[in-house]
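**Student:** If you read the protein sequences in the order shown, they are chains A and B. Numbering-wise, the numbering used here puts 310 at position 310 of the first sequence, and it's gapless, one number per residue. Add 446 to the 1-based position in the second sequence for the numbering used here, that's all there is to it.
Hints are computed from structural coordinates only; laboratory data are not their basis. Wrong hints could be hidden among the right ones.
[Stated by the list, open to error] On the chain B side, residues computed to face chain A include the following (Cβ under 8 Å):
hint	residue
1	D478
2	M529
3	L541
4	D550
5	E568
6	G582
7	D584
C-beta atoms are modelled at their ideal positions from N, C-alpha and C, and glycine is treated no differently.
The chain contents come next:
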Amino acid sequence: MRQFQDALRRGAGDMKSWIAAREVELQRGLQRSEQALDTYRRGVERAAQSAQSALVSKAEQLIETGASRILPRPAARSTAVSKPPSPSTPTRKPASAQPGQAAQDWLQEATAQTAAAARGAQDAFTLGLGDQAYAGLGAVGDVLQGDDFGASYQKRMAQERARDAADAQNYAAARTTGQVLGVGGQVLVTGALLGPWGAALVPAAQGVRIGQTAPLILRETAALAGAGGAAGVIGQAIDDVAHWKVGTPGDYGGAIVGGTLGALAARRGNVARAGAAAGLTESVAQDTLNGGLNAQSAARAREAAAAGATVAGLVGASVAKHMDGLPIKAKGVMGERVSRVRNFVRGHKTGPTKKTAHKLPGGGHTFPDLRTYKNGLPQQLIESKFGRKAHLSPRQIQATIELNNYRVDHSVPRDIGAALGLPISVIFPWDWATTQPQLEPGATAP
Amino acid sequence: MRATLIGVQGVELEVVLAALGLEPIPGAPTGDWVDCDYSCRTFPGGWIVVTSQLNLDLATDLELAASTTDQMAVGCEMYSIPMHSYAHGYRNGQLEWSVTHDPDDEARPLAVEGTLPAIVAELRAKALKAQADEDGVDFAFDVPMQLVAHYTGFVYDEDEATDWVRLRATAARPVRPERPRRNLWWPLLLIGLLFLVLWRWWTIP
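Please put together the full structure from these sequences, using the hints given.
**Tutor:** Here's what the structure looks like:
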């Protein structure tokens, strides 16, 4: 029994020593693995560092080469900031004399200039509403975090204004360039929206005039211009009454110029564009006649154009849609009335409504809608047309070829829209929609 | 111009005129078909054609005229300013077919309904082909009038007859006054301007 117990003790001791030996071997193996891994990691890091430094060096060389070709030496530029820059506002940094650092400075400068230009473009494109939208969205996010909306909005608006002011101070050229581009984009988008896109959305604004339609004569063009000028005077008078003031001769002169040019622009058929032209011209002309253009003139003109286009476009499209949906008989009456107005402006008298046949030299008859007279003598045979897709019949085509005194008057619904939309846009006191301060009567520009 | 042409076959002139509430003007000379508010003339094949520039209404008057005969009655109405025209055909007092030209409906420049005679398809195909060949000329406008011409023999823009009888409305002719035109534009414009002026005056600080 004692022998057995001794043998058991020896066996247990052997097992412990064997386990201890295995543990030692395992630890050594782990240590070797860690060392190998560490060595590999260091190797990778060394390779990455060398690749990065090679890449950066090459990039710096390229940027420096490009910068030296485009811009003067960065060290020659001076800082424009007169007060210590705040962390939140973009400012210029002094240039470094080291070539690599100079390239990095140039890159930062270019980024800041681009950002300032983009902010300027955004402000101009959105009529300054972009900052408000951005601040509002940010404030909504702050509300979700538990902040007060009003305070957050004010704070964010103050930040936006500070950034705009800093841009104007530090990156004036870039911001102005961006604003010019923003205005250009605004004009393009608005033009497309009020032109082809708008026409595509409003079928009543479409319609091609018949090729044989008689063009406006000088007398009709003059009457159109006079009507536009008169609308401008009425609009200014209404504005005076609404504001209890007496407009200056410059106010009235500008209104006449704007209304006249708008009416002439309406001949092209797009009342929204005509409204924009009227608003822009009126604003510029009034500022010019009231003492000269000033810093706000461009912004005011832009807003006046936008408001004019909006009012004229909406009213014109609504009226055109209404006209396009008139019953057939009413369309006939409308077409004949337009012809009568043209005859009146041309100084011709219109005969009775009842139609009579007119024999054509080539055979057959045509039945003109109106006949005009001057000093009791017959003048013209009028074929009136009204509608977006009205065309001449074969017999009427024959009449245009065979008769010298056969006149085709084709009016489309958008003409009536323009006849009402443009005067309303000129008369309508839309200054509620503007954000730029209006000049007081008689005030001279700064 | 606006004109309505009604043709009725196989019935006495007096019957048609009585149905339409018309009578010849006593002592009036004859003339061409546009010389008077209403005119009528007989054509070969037993057709009577009644025309008017302003005062016939195709929808109601053709139905009245068609009710007087057990043969055909055709009619058309044209509005040359918006270039809209349409024609109806009756047999035994029942509407058989209709052809409508609406220039704004580009998908269907000539909409047809009912049991169409072969001539309708023929004229329609001819007009649409000509229209496709020559852009900017409305050949389809004439199809309703060509249909009336096909049946009655009256070609409205080639007729040179001067023996049209001048007619006038009798007391029996149903009065169909035009709905009074309500021109709302000026009142609306004035109200709008007044509102704007008052609003601006009210909001002046």
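**Student:** Work down the list of hints and note, for each, if the structure agrees.
**Tutor:** Structure-based check of each hint:
{"no.": "1", "hint": "D478", "verdict": "holds (6 Å)"}
{"no.": "2", "hint": "M529", "verdict": "holds (4 Å)"}
{"no.": "3", "hint": "L541", "verdict": "violated (20 Å)"}
{"no.": "4", "hint": "D550", "verdict": "holds (5 Å)"}
{"no.": "5", "hint": "E568", "verdict": "violated (17 Å)"}
{"no.": "6", "hint": "G582", "verdict": "holds (6 Å)"}
{"no.": "7", "hint": "D584", "verdict": "holds (4 Å)"}
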